[in-house]
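Enquirer: Join these two chains into a complex; the hints should help.
Protein sequence lines, in the order shown, are assigned to chains A and B.
Quick note: the first sequence uses numbering that gives the first Met the number 0, first residue 0, plus one each step.
Quick note: the second sequence uses numbering that gives the first Met the number 0, first residue 0, plus one each step.
Hints in this document: simulated from the structure, not taken from any laboratory.
Since the model is a prediction, treat every value here as computed from it, not as a measurement.
Incorrect hints may appear among the rest.
Straight-line alpha carbon distances no greater than 25 Å define the calculated SDA-like cross-link-like pairs of lysine to any residue that follow [unchecked claim]:
{"hint": "1", "chain 1": "B", "residue 1": "Lys131", "chain 2": "A", "residue 2": "Val268"}
{"hint": "2", "chain 1": "B", "residue 1": "Lys36", "chain 2": "A", "residue 2": "Pro187"}
{"hint": "3", "chain 1": "B", "residue 1": "Lys131", "chain 2": "A", "residue 2": "Tyr277"}
{"hint": "4", "chain 1": "A", "residue 1": "Lys130", "chain 2": "B", "residue 2": "Trp48"}
{"hint": "5", "chain 1": "A", "residue 1": "Lys280", "chain 2": "B", "residue 2": "Pro242"}
{"hint": "6", "chain 1": "A", "residue 1": "Lys130", "chain 2": "B", "residue 2": "Gln288"}
{"hint": "7", "chain 1": "A", "residue 1": "Lys220", "chain 2": "A", "residue 2": "Asp136"}
Short, incomplete list of chain B residues facing chain A, as computed with Cβ under 10 Å [as the list claims (entries may be wrong)]:
{"hint": "8", "residue": "Val32"}
{"hint": "9", "residue": "Tyr54"}
{"hint": "10", "residue": "Tyr58"}
{"hint": "11", "residue": "Glu124"}
{"hint": "12", "residue": "Val125"}
{"hint": "13", "residue": "Ile137"}
{"hint": "14", "residue": "Thr138"}
{"hint": "15", "residue": "Val147"}
{"hint": "16", "residue": "Trp229"}
Where is the CB? At the ideal position from N, CA and C, for every residue including glycine.
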Amino acid sequence: MKRSFSEKLSSIFIATILILLSIVCLYPFVYVFSASFSSGNAVITGEVLLFPKDITLDSYKSILAKEGLWQAYGNTVFYTVAGTAFSILLTICGAYPLSKSRLVGRTFVAFFIAFTLWFGAGLIPTYLNFKELGLLDTRTSIIVGFAVSAFLVILLRTFFQSIPDSLEESAKMDGANDLQILRHIYLPLSKPALVTVGLIYAVGKWNSYFWAMVLLNDESKIPLQVLLKKMIVEMSLNEELTGSMNAANAMSQETFIYATIIVSILPIVLVYPFLQKYFVKGTMIGGIKE
Amino acid sequence: MQLNSPLSEVKETSAQANRSEFALKLQAVKTIVWRDKYLYFMLIPFILWYLIFAYKPMYGLQIAFKDYSLFKGITESPWVGFENFERFFRSEYFIRNLVNTFMINFWGLIFAFPAPIILALLLNEVKNVMFKKTVQTITYLPHFISVVIIAGIVTNFLAPTNGIVNIIIEKFGGEKINFLAMPEFFRTIYIGSMQIWKDVGYSAIIYLAAIAGINPALYEAAKMDGANRWKQMWHITLPGMLPTIMILLILNLGSFLEVGYESIILLYQPATYETADVINTYVYRAGLQGGNYEVGAAAGLFNSVVSLILVVLANRLSKKMTNVGLW
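So that you can see chain B by itself, here it is in the shape it has in the complex (with noise of 0.2 Å):
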C-alpha cells in the first residue's frame, strides 16, 4: 500500500492533466467552430441536399439484394442474398448489353476521343484569327442542343421513306436504306451523332487550352534547329497535351459502363437491339418501364461498381505511365 500510493497518485494526475488538455482541445476546436459558425450554417442546406438526393438513394441499393415489395418498401423487404445478380448475370441480356457497352466505348475511344485533340491540332496551326474564330464559334454550336433535337434530326435525316439522306441516295439511283432499323449501323450513327457531331468542337477547347499553356521558348528552340510544323506538333505541342488528354482519358474510362443511355434511347429500337442496348438501357426498360426494379438495381449496382473500379485502375496506370492522376 505504501508503495503504491504515490503512483496511484502519479497516475491520477496525469489522468487529469489528460482531461484538462482534452478539455482544453475541445474548448479549441469550440471557439474554431464558433468563429465560423457562419460558413457552417451555409453548409447545412446543401450536405441536406446530398444526404436527401444523393446518399439516400445508396441506402435503397439494398434492394439490390432483395426481393422488393411496394407495400413492404425498402427496409423490410426481405433479403435474398445475390438472387437479383444471378438473375441479371444469367439473363440473355448480360453478355450482349455487356459486348455493347465495351463496343460502343470501343470505338468512341477510337474516334470520338481523338476526334477534338486533332481539331485542337488543326485549329492550333490557323493564323488567321477571323478564320479560326469562326470555325470556333459554329463547331461549339452543337453542344447546346438537347439530345432529344439531335435525336429529332437524325431521325427525320434518316427517315426511311423521306429523310434527306434517302432521297439524295434515291437521286443518285440507290436504294434506300432504313438506317436506323439495322443493327449494323447503329454505332455509327450514334457515335457520329452524339458523341463527335454534338461534342468535337466543344471538347477541344479544353486542349486548346493545353496547348495556350505551353512555353512558347519550347516552339523557338525547335525552330532554331530545324524543326518543321510538324516535327513541332508532334515533339512540342502533343506531349504538352499529354497531362490533359491522359486526365480526359480517365475520366472516359470512369464512365465507361455510364455511355450515354439517355441518348442510346432516344436512338434505338428493337430491331436494333442487338447491337445498340446498354446495361443501363436494360435497367431503364426492366426497372422503370417493366416495374422489375431489383432486378434493374442490381444490373444498376454491377455498373457502378465496375465503373468505380475502373476509375481507380485507369489512375493508377495513368500515374505509373505519365505521371498524371486524378488523385
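Next up, chain A with everything else stripped away, as it sits in the complex (with noise of 0.2 Å):
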C-alpha cells in the first residue's frame, strides 16, 4: 500500500518523541552507572556527561569497606525474601476462598477488604498501632505488618477464578478436600500469576523505604534504601551548609552514592526481563493498576 507525503511525516515525527522519551528515561541510569566508574573530581567539574572519565573502582572499594552498607543490604534482602514468603501465604488464604462463589459470606469478607482501599486509619493511628503491638524497632513489624495488597489479593482470585471448575468437581469426586484440591491443581495451573503477585510484592519489599523509616531506629536493623535516604539528605544539607563544598568531601561522597545506587538498583535490573513481562501480565489480569 502506498502511504502518503503526510503519513509518513506524521511517522517520523512519532518515532522522534518516542526517541527523545526514551532518552530520557534512560540518561540518568548511564549517568549514575557512568559517573560511579569516575573520579570524584571529572563528576564534579562536569567532565563526565555520558562516558565515565578517570575510570576507577575507588568508590566500589570504599562500598566494599563500609560495613553499614552491607547490613542494610543483607537486612533488605531478608526482608524482601521472608516478606515475600508471608505476603504470598497469606494472599492465596484470601484469594482462594474468595475466589469460591459457593462460600457463604464471601461478600461480606470481599467488602470487609475493599473498604480499606478507600478509607485508611492514616500515618498516626498505624504508628501507634505498632507501638500498641509492641512491635516498634522489630524486623516483624516490617515482615507482617505490610503483607497483604487488596490489589493482590483481587487479582489472584480473579486468577483462581478463571480456572474451569470441572477440574475441581473431578477432584472433590475422588474424595479431594478443598486444601489438596488447592495444593494439587490450582497453585500448579496458577504459577504465573503466584509468579507476578510475587515479584510485585517483591520489588514494593526491596524498594519501600517509609515505614521502616519510622519504625525503625536501631542502626543494625534498618534496609538499604533507608541508609539511601540518610545518605542523600547528609549530602545536601552538607552542601547547603557549606555553600561551595568542600571539594575532597564533594567528590568522595557524589561517587559513592553513585556506587551505592548501582548496587541497589542492579538485582532490579538483572530480574528486569522477568518483571517486566510479569508485571505487564499482572496489569492485565487485574485490570486494574495498582
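Expert: This is the structure in C-alpha cells:
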C-alpha cells in the first residue's frame, strides 16, 4: 500500500518523540553508571556526561569497606525474601476462598477488604498500632505489618476464578478436600499468576523505605533504602551548609552515592526481563493498576 | 375460653413450624459451612491480619477526638470533642497545605495523567515491532526504581554547586540555580520526576491493553469511509479507551489528598514548604516527628474522610456521564 507524504511525516514525528522519551528515561541510569566508575574530580567538574572519565573503582572499593552498607543490604534481602514468602501465603489464604462463589459470607469478606482501599486509618493510628503491639524497632513489623495488598488479593482471586470448575468437581468426586485441590490443582496451574504476585510484592519490599524509616531506630536493622536516604540527605545538607563545598568531601560523597545506587538497583536490573513480562501480565489480569 | 383455645392452638403449631423451619435452615447453613470448613479455616489468618493491621488502627482513630496521653493509652485518654480539628483548621498550615495538595494534584492531572494516554496512542501508531518493544522496555524501567533513588538522582543532578544540570547551565554562560531550594520549581520537579518520569511508560500498559481490546472491524469500516490515521485515533481509539481512562481518573481522584507524601518528604526542605508541604507531610512532621499525635490523627482523619467522599462523588459523576464506575 502506498503511504501518503503526510503519513510518512507523522511516522517520523512519532518516532522522534518516542526516541527522545527513551533517552530521557535512560539517561539518568547511564549517567549514574558512568559517574560511579569515574573519579570524583571528573564528576564534580562536569567532565562526565555520558561515558566514564578517569576510570576508577575507588567508589566501589569504599563501598566494600563500609560495613553498615552490607548490613543494610543483608537486611533488605531478608525483608524482601521473608516478607514476600509471608505475603504470598496470606494472599493465597484470602484469594482462594474468595474465588469460590459457593462460599457463604463471601460478599461480606470482599467488602471488608475493599473498604480498606477507600478508607485508611492514616499514619498516626497506624504508627500507634505498632507501638501498642510492641512491634516498634522489630524486624517482625516490617515483614508482618505490611504483608497484604488488597489489589493483589483481587488479582489472584480473579486468576483462580478463571480456572474451570470442572477440574475441582472431578477431584471432589475422587474424594479430594479443598486443601488438596488447592495444592495439587490450583497452585500448579496458577504459577504465572503467583510469580506475578510474588514479583510485585518483592519489588515493593525491596524499594520501600517509609515505614522502615518510621518504625526502625536500630541502625543494625535498617534496610538499604533507609541508609541511602540518610546518605543523600546528609550530602545535600552538607552542600547547603558549606555553600561551595569542601572539594575532597564532595568528590568522595557524590561518586560513593552513585556507586551505592548502582549496587542497590543491580538485582532489579538483573531480573528486569522477568519483571517486565510478569508485571505486564499482572496489569492485564488485574485490569486495574495498583 | 372456648373460643380462644383453637386459635391459640393454631398459633402454637405455627410457632412450632417456625421453630422447626429455623432449625432446618440452621442445619442447612451448618452443613454448608462444614462442607467448606477448609476454606473458612484458610480465611482465619487472612481476616485476623486485616483486623489487626487495618481495622485496629481505625479504632485508634478516636485519638483525633481525644487529649491523647502516652501513659493513659488510646482508650483511657479523655475526650475533647473537635478541639484537635479546630487546632488543625486554625493553624497556618491548614489552608496552605490544602492549597498545595490541590495544586500538586491539579498540575498532576493536567500533565501527568494524560502523559501515558498520549504515549499509548503514539506507541499504537508504531508499526515496527522491534522499535515498539525497545521503547516499551526502556520506558517501563524507571517504574521499578525506588523513590529514594529517584530523589537521590534528582538531588544530585540539581545540586547547586556541582550538579550536572548546573554545570551545563554554567557552560552555556548561565547563572547556577539552587532548584531544590526554590519554591517555584518544586511542583515541576516533583511531578516531572516522581509522576511522569517514573510512571509514564508503566501506566501506558493498561491503556495499550484497552487499545488492544478495540474491535478491528471498526478501523476497517473507518478506512472504507476514508478516515485518516488522525481521524481513526480521534473517533475510534480514544472512545475505545474511555472506560479505562474514566476508571483510572476515579482512582486518581480517590487518592487526591493522599498525594505521594513519601516522595515529597524526600524532595522538599524548609525553604520549599510554602509550595511543597501537603496535609500528609504535615501529619508526618507534626505527628511522627513532633509527637503531636492527636492533631496529626485529626489531620489524617480529615484527609481520609475527604478522600472517601471524593471517590464516591467521582464514581457517581462518571456513572452519570459515561456509564463507567467502580461499583
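Enquirer: Decide, hint by hint, whether the structure agrees.
Expert: These are the hints, each one checked on the structure:
no., hint, verdict
1, B:Lys131 / A:Val268, "holds, 20 Å"
2, B:Lys36 / A:Pro187, "holds, 22 Å"
3, B:Lys131 / A:Tyr277, "holds, 18 Å"
4, A:Lys130 / B:Trp48, "holds, 16 Å"
5, A:Lys280 / B:Pro242, "holds, 20 Å"
6, A:Lys130 / B:Gln288, "holds, 15 Å"
7, A:Lys220 / A:Asp136, "holds, 8 Å"
8, Val32, "holds, 6 Å"
9, Tyr54, "holds, 8 Å"
10, Tyr58, "holds, 8 Å"
11, Glu124, "holds, 5 Å"
12, Val125, "holds, 7 Å"
13, Ile137, "holds, 4 Å"
14, Thr138, "holds, 5 Å"
15, Val147, "holds, 5 Å"
16, Trp229, "holds, 8 Å"
Against the hints set out earlier in the document, no violation occurs for any number.
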